[in-house]
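**Q** Chains as they are written, first to last, in our numbering: chain A, 1 to 299; chain B, 1 to 335.
Hints in this document: simulated from the structure, not taken from any laboratory. If you're wondering where the values come from, they're calculated on a predicted model, not measured in any experiment. C-beta atoms are modelled at their ideal positions from N, C-alpha and C, and glycine is treated no differently. Hints may be right or wrong, so weigh each one.
Coverage of chain A stretches by chain B, computed from C-beta distances (three or more under 8 Å per stretch; other residues unrestricted) [to be verified]:
1. 89 to 95
2. 167 to 176
3. 228 to 235
Residues of chain A placed beyond 12 Å of chain B at every Cβ, according to the derived structure [unchecked claim]:
4. Pro49
5. Ile155
6. Ala181
7. Gly251
8. Gly257
9. Tyr262
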Amino acid sequence: MAEQASALGSAATPSRRRVDTLAALLHEPKVIGGGGFILFLVLAALLAPLISPHDPLEQDLMSGALPPVGFAGAQAGFPIGTDDLGRDVLSRLIYGTRVALTVAFVAATLAAVLGTALGLLAGYFGKLTDGVISRLIEIWMAFPPVLLSILIVAIMGAGVASVITAIAIIDWTRFARVVRAETMAQAKADYVTAARVIGFSRFTILLREILPNIAPLLVALLTLEMGIAVIVEAILSFVGLSVSSDTPTWGGMIAQGRQTIYQAWWVFAAPLAALFATVLAFNQLGDGLRRALDPAMRR
Amino acid sequence: MIASILLKRLGMAAVTLFGVAIIVFLLLRVVPGDPIAMMIGPGAGANEIADLRARYGLDQPFIDQFGIWLSGILHGDFGTSISLHRNVLGLLMERLPATLELALAALLVAVSLGLALAVIGTLLRRSPGGSLLDAMNGLALAVPDFVWALAFVLVLGVLWPIFPLSGRMDPTLSIPFHTNFHLLESLVTFRFGIATDIAAHMVMPTLALALPLAAVIARILKEALCAAMLEDYVLVARVKGLTEARLVVGEALRNAVGPTLALTGVQFTFLFGGTVIVERIFAYPGIGNMAIDAVINRDQPLIQGLVLAFGALFILVNLAVDISVVALNPRLEDG
Numbered sequence: 001m002a003e004q005a006s007a008l009g010s011a012a013t014p015s016r017r018r019v020d021t022l023a024a025l026l027h028e029p030k031v032i033g034g035g036g037f038i039l040f041l042v043l044a045a046l047l048a049p050l051i052s053p054h055d056p057l058e059q060d061l062m063s064g065a066l067p068p069v070g071f072a073g074a075q076a077g078f079p080i081g082t083d084d085l086g087r088d089v090l091s092r093l094i095y096g097t098r099v100a101l102t103v104a105f106v107a108a109t110l111a112a113v114l115g116t117a118l119g120l121l122a123g124y125f126g127k128l129t130d131g132v133i134s135r136l137i138e139i140w141m142a143f144p145p146v147l148l149s150i151l152i153v154a155i156m157g158a159g160v161a162s163v164i165t166a167i168a169i170i171d172w173t174r175f176a177r178v179v180r181a182e183t184m185a186q187a188k189a190d191y192v193t194a195a196r197v198i199g200f201s202r203f204t205i206l207l208r209e210i211l212p213n214i215a216p217l218l219v220a221l222l223t224l225e226m227g228i229a230v231i232v233e234a235i236l237s238f239v240g241l242s243v244s245s246d247t248p249t250w251g252g253m254i255a256q257g258r259q260t261i262y263q264a265w266w267v268f269a270a271p272l273a274a275l276f277a278t279v280l281a282f283n284q285l286g287d288g289l290r291r292a293l294d295p296a297m298r299r
Numbered sequence: 001m002i003a004s005i006l007l008k009r010l011g012m013a014a015v016t017l018f019g020v021a022i023i024v025f026l027l028l029r030v031v032p033g034d035p036i037a038m039m040i041g042p043g044a045g046a047n048e049i050a051d052l053r054a055r056y057g058l059d060q061p062f063i064d065q066f067g068i069w070l071s072g073i074l075h076g077d078f079g080t081s082i083s084l085h086r087n088v089l090g091l092l093m094e095r096l097p098a099t100l101e102l103a104l105a106a107l108l109v110a111v112s113l114g115l116a117l118a119v120i121g122t123l124l125r126r127s128p129g130g131s132l133l134d135a136m137n138g139l140a141l142a143v144p145d146f147v148w149a150l151a152f153v154l155v156l157g158v159l160w161p162i163f164p165l166s167g168r169m170d171p172t173l174s175i176p177f178h179t180n181f182h183l184l185e186s187l188v189t190f191r192f193g194i195a196t197d198i199a200a201h202m203v204m205p206t207l208a209l210a211l212p213l214a215a216v217i218a219r220i221l222k223e224a225l226c227a228a229m230l231e232d233y234v235l236v237a238r239v240k241g242l243t244e245a246r247l248v249v250g251e252a253l254r255n256a257v258g259p260t261l262a263l264t265g266v267q268f269t270f271l272f273g274g275t276v277i278v279e280r281i282f283a284y285p286g287i288g289n290m291a292i293d294a295v296i297n298r299d300q301p302l303i304q305g306l307v308l309a310f311g312a313l314f315i316l317v318n319l320a321v322d323i324s325v326v327a328l329n330p331r332l333e334d335g
């Protein structure tokens, strides 16, 4: 009976489908480009102590504000220069990937779990459940997200945990809205009717039938959300609310670089370029994943 | 029929705003820091502290505080800012015009830029120039206002200092204004020198806010235009010998603009949210910049007033979009 229900969902066997999906992923240049860069960042974060030329916190006032290689007065040991305290910008950049990626992966996943759960409930049960959750989404979206995140972090106290909580609390609506609409559409599909006729419980239908069908969409949304999380963390660091100044972050480097931008523009430019490239990479990856995983777009 | 839809929308907007008020109030009541502690020196006596608590209503029970605040708002009294020692409504009225001028300028730039890019993109849709335009559009779409603002700071403010980096106008110009809409006022009173200075200060924050929105408009409108170019009425006009540009602007645009309009309205609310950090970066004296200071200073009455102001702006824009969509599309009337 169960096979019958899932057979209605797709004609291909699961393993055949998996091979198709993998091939589609590898043929999508955006997945290769964006994913490749993210992989590069993950490696940089994991191997930071091994590949950093210097200790990111080590100050050397004798070699303060050195320009990047290629400019007059540069030193070969500091490829993209030093800040006004003589700390190596490249090493700080490499260590900065740790906070950026931690926040990206954890916060985006939490927001996705929360938003998907509420979106599934609203979309499938409708009526009062949908009314309450939809109203909640509307209220949430009336808050300026940057202001709300600053407020939450100010309340909870600065730190990575606060930043992650703030992002999850704010950005669940991005998932809830899409999942709600998609669940409503799926709930009308034949395979759901079939599962209901067979006598599956509502939660079984939601988790085993509908959720797998909206998974490709979720993966794409999750990837986009990771890019957003990196930005929010940088904004909070920039305002001075993320982690302590002992931990190098891109946003913190940007804020500090802003103070000395006329003497040492590279301290500002390097983390900004990293932020720019990372957001773009997550965006491209998300876009590519949506194309590759959505069978309708593949055709 | 339209009247009942409007009433329903208004009712929902009121519920949303009330929800915003409750949530911001609850959030602020879990703040561990005592706002009074910040206002007084370490040597203050217990009497002094009790006096201040009473003056700001902090000695009342929780529900009463909410009731007092809410009834105050309904009477136009938003309380007194703890850090600035001034009436919150007065502060809002002083700063809101700056934010409105910035947001509306950004909307204007985004719509013009998006429209131009969509039309050019449609004309070039089968050429390498079109692909290049699409790629640039994708870039503007992916990168958020915060990053654009910082990039402008670096490139147009520091490396090639073309535009002023911070503030709303040159501080050496001390000109009296009757309203707080400085750009608008200097324009209607023909003080173009001052208007130019204000506009120059607005270039970078405006562009940072406008670019992502322009990219959204350009993409959606271009898709609609390209689809419209395949319609029969465009074909007929083409046979009549109209040039490609006339076809796009004169024929396709009229039919493609509707769906883009609704989307622009919704995206405009996101632009308002973006003013918070963009104003901060350029030290622009609007309500967004003030809101960050208010949070850092734990100024409860001011935070409450500002969040409510943002919520009201957001809900008003959404309401206006809903109404115009209903008004423009009679088929939606029954829904």
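**Q** Compare the structure with each hint and give your call.
**A** Structure-based check of all given hints:
1. 89 to 95: Coverage by chain B is violated here, the residue count being 0 at a Cβ distance below 8 Å.
2. 167 to 176: Our answer is that it is violated, as 0 residues pass the Cβ test (under 8 Å) against chain B, missing three.
3. 228 to 235: Since 4 is at least three, the answer is holds.
4. Pro49: 28 Å, holds
5. Ile155: Contrary to the label, Ile155(A) does not stay out of reach of chain B, its closest Cβ about 5 Å off (not over 12 Å).
6. Ala181: 14 Å, holds
7. Gly251: 9 Å, violated
8. Gly257: 9 Å, violated
9. Tyr262: Contrary to the label, Tyr262(A) does not stay out of reach of chain B, its closest Cβ about 7 Å off (not over 12 Å).
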